[in-house]
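Trainee: Chain residues, written in single-letter form:
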Amino acid sequence: MNTEFVQNWFSQVKKGTLSYIILIILNEKEYYGYELVQEIKIHTTLEVAEGTLYPLLNRLKTEGIVDSKWVEQESGIPRKYYTLTDSGKATLTEMKKIWSALGTAIHKIEK
Amino acid sequence: MKRIIFTNPTAQKIYDDYFASVTSCISILSPTDQQELLMELNSHVYEATHCGVAGNEVDILVDALHKLGAPELVLQPAIAYKKVQQAGRSFNPKHILQALYLNVANGAGFFVIGIIYLLILAFGSLAIIKLISPTHTGLFVQNGHWFAFGYTSDLPDGLIELLGNWFIAVVIALMGIFYFLNTLLFRLLKKR
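Protein chains in written order, with the working numbering: chain F, 1 to 111; chain E, 1 to 192.
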């Protein structure tokens, strides 16, 4: 097996699916950054560099897919909560269709 | 941004150093964007170090910062992206140049690869030219000073060619060295 090739491929898959995973998680309820990282770890085996999540969330916010708000905490260190916007929900529905079609196509080829 | 206070002085220093590095990395951004990023990372560090994990304060903090990643690596895409947005909003030439610099930096590696490939091609051509025109091609010195390495149509008095046929071996060796460097650089860029 060509390990390097597989690792590079997996790295690309991770990059491509991370935003999809974030949208699925945010579709349930609002999450703050650290909590979102933990959720990704619980539900997937993806080793995500935690710091890379924030640039991605910022980009999703600029695209109007997610929204965020700072919520003050007793500790004095506020949490930034992220939610899916209506546009984000519509985007997720479309992404689910594409993902499902892709999965079906791969299953067909594998048989 | 409210600074997190640690009881262990070593933990406090590690935390302060990390955020000094973050502040330095994002100093190119607008004050609002800087504040937003600092608060976001600070919130993450606070949650990671106060989520009830048992252990030494230093170990917990180091683990949290390790998982978050080095500021200069993790923040680079965010900084480049935010700078483009800022440049687009303001049309300030300074911001536009900074945005171009930050985004071109990703492509700079491939530009260097292109230049090195041109050098490899040039060295290969010199080996052939040496066979066609041996007296005009080589490493030339004049009165003890370097004059030219390669092909020269001008052959003034006192010009000495030092390498002779070894010139071909030297340019082939240079081709090998630059080819190795290029392969190394290409692998590094691929890993990123």
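No lab work stands behind these hints: they were computed from the structure. These numbers come from a predicted model, not from an experiment. Treat the hints with care, since some could be wrong.
What the hints assert, rightly or not - Listed next, the in silico EDC-like pairs over lysine to aspartate or glutamate satisfying Cα-Cα at most 16 Å (straight line): (1) F:Lys80 with E:Glu36; (2) F:Lys80 with E:Glu57; (3) F:Lys29 with F:Glu63; (4) E:Lys2 with F:Glu74; (5) E:Lys2 with E:Asp16; (6) F:Lys61 with F:Asp86; (7) E:Lys67 with F:Glu35; (8) F:Lys69 with E:Asp63; (9) E:Lys67 with F:Glu47; (10) F:Lys89 with F:Glu63; (11) F:Lys69 with F:Glu35; (12) E:Lys2 with E:Asp63; (13) F:Lys61 with E:Asp33; (14) E:Lys67 with E:Glu47; (15) F:Lys69 with E:Asp154; (16) F:Lys61 with E:Asp16; (17) F:Lys80 with E:Glu47; (18) F:Lys61 with F:Glu30; (19) E:Lys13 with E:Asp63; (20) F:Lys80 with F:Glu47; (21) F:Lys80 with F:Glu94; (22) E:Lys2 with F:Glu72; (23) F:Lys89 with F:Glu30; (24) F:Lys14 with F:Glu47; (25) F:Lys96 with F:Glu110.
Trainee: Holds or violated: are the alpha carbons of lysine 67 of chain E and glutamate 47 of chain F at most 16 Å from each other?
Mentor: With a Cα-Cα distance of about 10 Å, the restraint between lysine 67 of chain E and glutamate 47 of chain F holds, given a limit of 16 Å.
Trainee: Do the alpha carbons of lysine 80 of chain F and glutamate 36 of chain E lie within 16 Å of each other, as the hint requires?
Mentor: holds (10 Å)
Trainee: Hint check: lysine 14 of chain F vs glutamate 47 of chain F, CA-CA at most 16 Å. Holds or violated?
Mentor: Since the Cα atoms of lysine 14 of chain F and glutamate 47 of chain F sit roughly 9 Å apart, the hinted pair holds (cutoff 16 Å).
Trainee: Tell me if the straight-line CA distance from lysine 2 of chain E to glutamate 74 of chain F falls inside 16 Å.
Mentor: Given that 16 Å is the threshold and the Cα spacing comes to 12 Å, the pair holds.
Trainee: Is the hinted pair lysine 80 of chain F and glutamate 57 of chain E satisfied, with a Cα-Cα distance of at most 16 Å?
Mentor: violated (24 Å)
Trainee: Just to be careful, I want the Cα atoms of lysine 89 of chain F and glutamate 63 of chain F compared with a cutoff of 16 Å; is the pair within it?
Mentor: Judged against 16 Å, a Cα distance of about 13 Å means the pair holds.
Trainee: Take a quick look at whether lysine 80 of chain F and glutamate 47 of chain F sit within 16 Å of each other, Cα to Cα.
Mentor: violated (22 Å)
Trainee: Taken at face value, is the distance from the CA of glutamate 47 of chain E to the CA of lysine 67 of chain E at most 16 Å?
Mentor: holds (13 Å)
Trainee: Given the hint that lysine 13 of chain E pairs with aspartate 63 of chain E, does the C-alpha gap stay at or below 16 Å?
Mentor: Distance ~15 Å between lysine 13 of chain E and aspartate 63 of chain E Cα, so the pair holds.
Trainee: Are the Cα positions of lysine 61 of chain F and aspartate 16 of chain E separated by 16 Å at most?
Mentor: violated (29 Å)
Trainee: Keeping to a limit of 16 Å between CA atoms, is the pair of lysine 80 of chain F and glutamate 47 of chain E held or broken?
Mentor: Given that 16 Å is the threshold and the Cα spacing comes to 11 Å, the pair holds.
Trainee: Given the proposed pairing of lysine 61 of chain F with glutamate 30 of chain F, does the C-alpha separation stay at or below 16 Å?
Mentor: holds (14 Å)
The structure does not agree with the numbered hints 2, 3, 8, 12, 15, 16, 20, 21, 25 stated previously, though it agrees with the rest.
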